[in-house]
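Use these hints to put chains X, D and H onto chain E, whose structure you have.
4 protein chains.
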Amino acid sequence: MSIKAGVVGATGYAGAELVRLLLAHPQAEIAGISSVSFEGKALSEVYPSYQGLCDLVCENQSALAEKCDVVFACLPHGLSENLAKECHDLGKVFIDLGADFRLRAEEEYEEWYGAGFKDKALHGEAVYGLPELYRNEIKGKKLIANPGCYPTSAALGLWPALKQGLIQPQGLVIDSKSGVTGAGRGLSQTTHFPDCNEAFSPYKVAAHRHTPEIEQTLSDAAGTPVKLTFVPHLLPVNRGIVSTMYARLCPGVLEEQLRDAYQAAYGHEPFVRVLPKGETANLRNVKFTNLCDISLHMDERTGTLVVASTIDNMVKGAAGQAVQNMNLAFGLSETEGLQLVPPAF
Amino acid sequence: MSIKAGVVGATGYAGAELVRLLLAHPQAEIAGISSVSFEGKALSEVYPSYQGLCDLVCENQSALAEKCDVVFACLPHGLSENLAKECHDLGKVFIDLGADFRLRAEEEYEEWYGAGFKDKALHGEAVYGLPELYRNEIKGKKLIANPGCYPTSAALGLWPALKQGLIQPQGLVIDSKSGVTGAGRGLSQTTHFPDCNEAFSPYKVAAHRHTPEIEQTLSDAAGTPVKLTFVPHLLPVNRGIVSTMYARLCPGVLEEQLRDAYQAAYGHEPFVRVLPKGETANLRNVKFTNLCDISLHMDERTGTLVVASTIDNMVKGAAGQAVQNMNLAFGLSETEGLQLVPPAF
Amino acid sequence: MSIKAGVVGATGYAGAELVRLLLAHPQAEIAGISSVSFEGKALSEVYPSYQGLCDLVCENQSALAEKCDVVFACLPHGLSENLAKECHDLGKVFIDLGADFRLRAEEEYEEWYGAGFKDKALHGEAVYGLPELYRNEIKGKKLIANPGCYPTSAALGLWPALKQGLIQPQGLVIDSKSGVTGAGRGLSQTTHFPDCNEAFSPYKVAAHRHTPEIEQTLSDAAGTPVKLTFVPHLLPVNRGIVSTMYARLCPGVLEEQLRDAYQAAYGHEPFVRVLPKGETANLRNVKFTNLCDISLHMDERTGTLVVASTIDNMVKGAAGQAVQNMNLAFGLSETEGLQLVPPAF
Amino acid sequence: MSIKAGVVGATGYAGAELVRLLLAHPQAEIAGISSVSFEGKALSEVYPSYQGLCDLVCENQSALAEKCDVVFACLPHGLSENLAKECHDLGKVFIDLGADFRLRAEEEYEEWYGAGFKDKALHGEAVYGLPELYRNEIKGKKLIANPGCYPTSAALGLWPALKQGLIQPQGLVIDSKSGVTGAGRGLSQTTHFPDCNEAFSPYKVAAHRHTPEIEQTLSDAAGTPVKLTFVPHLLPVNRGIVSTMYARLCPGVLEEQLRDAYQAAYGHEPFVRVLPKGETANLRNVKFTNLCDISLHMDERTGTLVVASTIDNMVKGAAGQAVQNMNLAFGLSETEGLQLVPPAF
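Here the protein sequences line up with chains E, X, D and H, keeping their order.
In terms of numbering that gives the first Met the number 0, the first sequence opens at residue 0 and continues consecutively.
In terms of numbering that gives the first Met the number 0, the second sequence opens at residue 0 and continues consecutively.
In terms of numbering that gives the first Met the number 0, the third sequence opens at residue 0 and continues consecutively.
In terms of numbering that gives the first Met the number 0, the fourth sequence opens at residue 0 and continues consecutively.
Here chain E stands alone, though its shape is the one from the complex:
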């Protein structure tokens, strides 16, 4: 089988990384790429690392859907809905790496993104594509909302403990640190090298748009509405997210129970590694792969569970997870094209 894939917004960071992964996918081929800013230019002119390896030229997005089996949209929020509708009507699989279809509740979307759903029926057909947590719902779906990077790291890290009732669903704190690619290819003073290098700070404290997305998933886990405090930080590295998370343990919970819960949830997952006691999650160990490493730490002095969860924001947090969703949607092995060993250095 060779799935024909189209990448809309291929010159952004998520799009470019997706192209890189699809080039190495044994059962997919890139049927076309598009970009508003670089139409008519080769991707390798924008990213010289691709020279001679992917010299595909950015087309206009309009013709793309027709010749593809699956369309990946790497667009700023608000721009995916129309394309999703078009793909839906053509019967194509649509995987949205943006935020348009991630939130189920329109009022949440309105509160955080300042606009409503244009086509409510279409939203009803979307599924949240975090395979480890929603695999059964994803299968057979054609409209997949690929999760945000922070939400992926956070949700995978806290889900088993919440699901098994081992931690309290209120008072959760998520302190995340992301590499600079998370801010995208667009220029800004914040991401200017001398401003960013040898620097570190939180940003959008308790005000980041990924907050309701994390809460949605963790509410599913807890079976009760969850409100939490989420604080992202900008880390002077290219790739990778570490989320350090704090939860109050339910009375009497033992470390063994916790480890069992995570083992049960992820023991068979190819992309989640629950680290042995004594190790801590380090973004170095997952870079350039679709892996999520999770380390568990009991603070018995204060009755607190500390979970550290790390992913590559561009892979498991974006392009890799999108490929995983494509694999699921087309009935392939989920690891197809994603069996990557993280470099040791």
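Simulated from the structure, these hints should not be mistaken for laboratory data.
A few of these clues could be false.
Looking from chain D toward chain X, a few residues come up when the C-beta cut is under 7 Å (computed) [said to hold, decoys possible]: (1) Q167; (2) T180; (3) F192.
None of the values given here were measured: they were computed from a predicted structure.
Heads up, the beta-carbon is just placed ideally off N, CA and C, and yes, glycines get one too.
Below, chains X, D and H alone, put in the same frame as chain E:
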């Protein structure tokens, strides 16, 4: 006045930074430096940046105290007590940059450092040298325990809110990130460039020795014993600590009250800047200075106060604060030798 | 076909990278790994990024050769000869990532490494494994000296111009900059993060052991003995080498001739990209791949050719080239297992 | 004495650094700052590190000259001439950190900057402000062209050898590497963190505008016109330049002669350190100071002299040298305000 200062352990990072600050101090001169590992070598052989500017030779520590008015000890924990005693008996000021005299409760010291106090009377004369919080106690003291780097950033950040009863003293979370100089000059795999660069992870989760020191100070602020969760992370930068801290707000507390409390506490402090609303503490803005920047963030959705506090771990977190303590001990202006403008880049 | 490969010295950087590449090679499998320092330990204990993906345990090297078709030696210089002899006697392919067999002239080896050849006959069977330049000599050989990292970047960059007589063979200057993995996994003050980060300097100026290796290859190109000045620098990045090279143009040489010479030499090479006029070689564009990017620049004001050549020191400069040599030795396509697209960021 | 200084273009990197140095200068005070882009804003709004320490507001440049004794211009080339004229007519000292007055030959300026001199008489009054080489010419001058960063490192590094006839003036190669602040505060894809971090490449190969400036100074040294090859590289650090330079030794020159020449030239200079044999210049050792470190290396195999020269591009390469020139112009000690010890880490 020219204070004669001696630096014991001058070739470690804290010692070397202290030498640098003392060289520029208008009312102090370096009477001698010592080092076990580099006895007989010039400091500039160990740190070539000092060549021609400080070619002092490391002596044996034994003769140092006698010719100095103040001795700074930059030693691994457990090695300061004897020297402190010697200085005490000679009537010299002793400023310990190590951990030996920081904890008032011997049982805490035993629990975290695995050894008791050798000379309890001597410990009774020590004062914890965080000037902004304990200025009156420090004045006139001759045995000063210079605070740890993490504790300085954490205590300054939470003190006013706790002191004024605006946050609850239980359930505090301190998520700190430190540059690599915090790990010292000694070699380790963790601080080997390719292991450390483009990497990030927590370490000693809820098990770092600075925990009881932070708790001691915050218990003073709260007027009740505080237990908290402290998680440090290794940040791939040379210098600087950011502590992001989470506390439950007491019912009904308004942002204005909070800002007033911090203003009252720090409005006249030369080294603490409470940032205007909308700004976030960034270690870039305090590097190479004795400053502490604090930003306050209310998460009204969850009733959480987020405080971000940043210092240069080598200056306000070590050598700079030691000089500040020296200034206090000798009745100088606290800012003498410390009026440094942080480079913009 | 499944080639059984053994990696001796697997816990060093070159060895670990080689394991990573071999794990993804469709026609090779790792029959065993060894390490003196970590015998009995899993590779994933040393490099946690490999956890669950390569948990091979380091054996004693003695049993390795017998069960392998090819043995890769990643050892300090001086330690490969005995193992090479053993493999030779067993009829195995031996690929040495160290320096023992790179120099053909024993007196050169003596001058730079301070020791002679133990088994001269064995040295006579060795071939220098830089496939783009010595492909025909490598085919069918069983004892392959994998080139050094600097020599690979330098030789590929200057070969065509020298071979075609477009530049003068005397007065060559090679100014190279290497990422820190080039210094290996062993700890040193130079590679301690705070010493190395935000720092830059040359080292072993005109005294690096790769000098005679570069000269040997370029003498082959020039058909006359070449002596040159080689100065390496330590670059605060993990991976990658850029060699900027300076040569006097022969009178009357036109840029077109130069570009033609490089095109003729490398136009069909899968791993060498001669960049279009106006672009400059950047290590970012070859990282994590076996590629070498070369940019050519004529300084007509001074009659100087400037060539910039970049590789990933761990891949084309070590493990990737070793796999390329294995492919050649076993008659596989040279790109097998090495068709890697460099990440754009 | 308190010199009243004005900084035009204070929000660029050179301007901001200059403000920082002037704030600590014991005999100068900042009378005003200006900025086209940020008129009406405080400098500390642009650079929050200055908050509370320098909250000067950017004025319009027009009123500045009148109230100052010295005006520093930190402007893009082509914008200084008018202001210089105004200061000249008012009898003020004018120190230009831009390129307008650096080249004595108008045809050189035309060739490299694409425009002629507007006021030739004014150019006749300018002096090139590299104090170690042109001290006597600078004294008493009121129009000082502050040298470029690369030219400062290069000229200091090669001057004594050329001046004493120890190296040949033709065939010089200057391979320089600069931190990213050298590219200024303006945003560009090249200086976007993910493009710049973990990357390295040459740029403007043999085509950088600092070339004729270096040639002008080295021609003065050699007493004959010098043409050379200059290749800059972008280094992923914030600050610092290392220039590695290659020259053919004149026949029979001994290392001792070389060292003597450098000792004679710089032995009494407060800002130049000729490193002992065996050490190599590292930008780490001069950062945040006005120092230039020079290391000398003889390659006897090829008759080549290698000189490595390093400065902080923002201090000795811009703002610090400008202060040094101000000190000279006003008859102060040259080291006033510049006695800075470089941090060891």
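Hint-by-hint comparison with the structure:
Hint status for Q167(D) relative to chain X: violated, with the closest Cβ pair at about 38 Å, above 7 Å. The closest approach between the C-beta of T180(D) and any C-beta of chain X is roughly 5 Å, which is under the 7 Å cut-off, so the hint is satisfied. The interface hint given for F192(D) is met, as the beta carbon of that residue sits about 4 Å from the closest beta carbon of chain X, less than 7 Å.
In summary, the structure is inconsistent with hint 1 from the numbered list given earlier, while agreeing with all the others.
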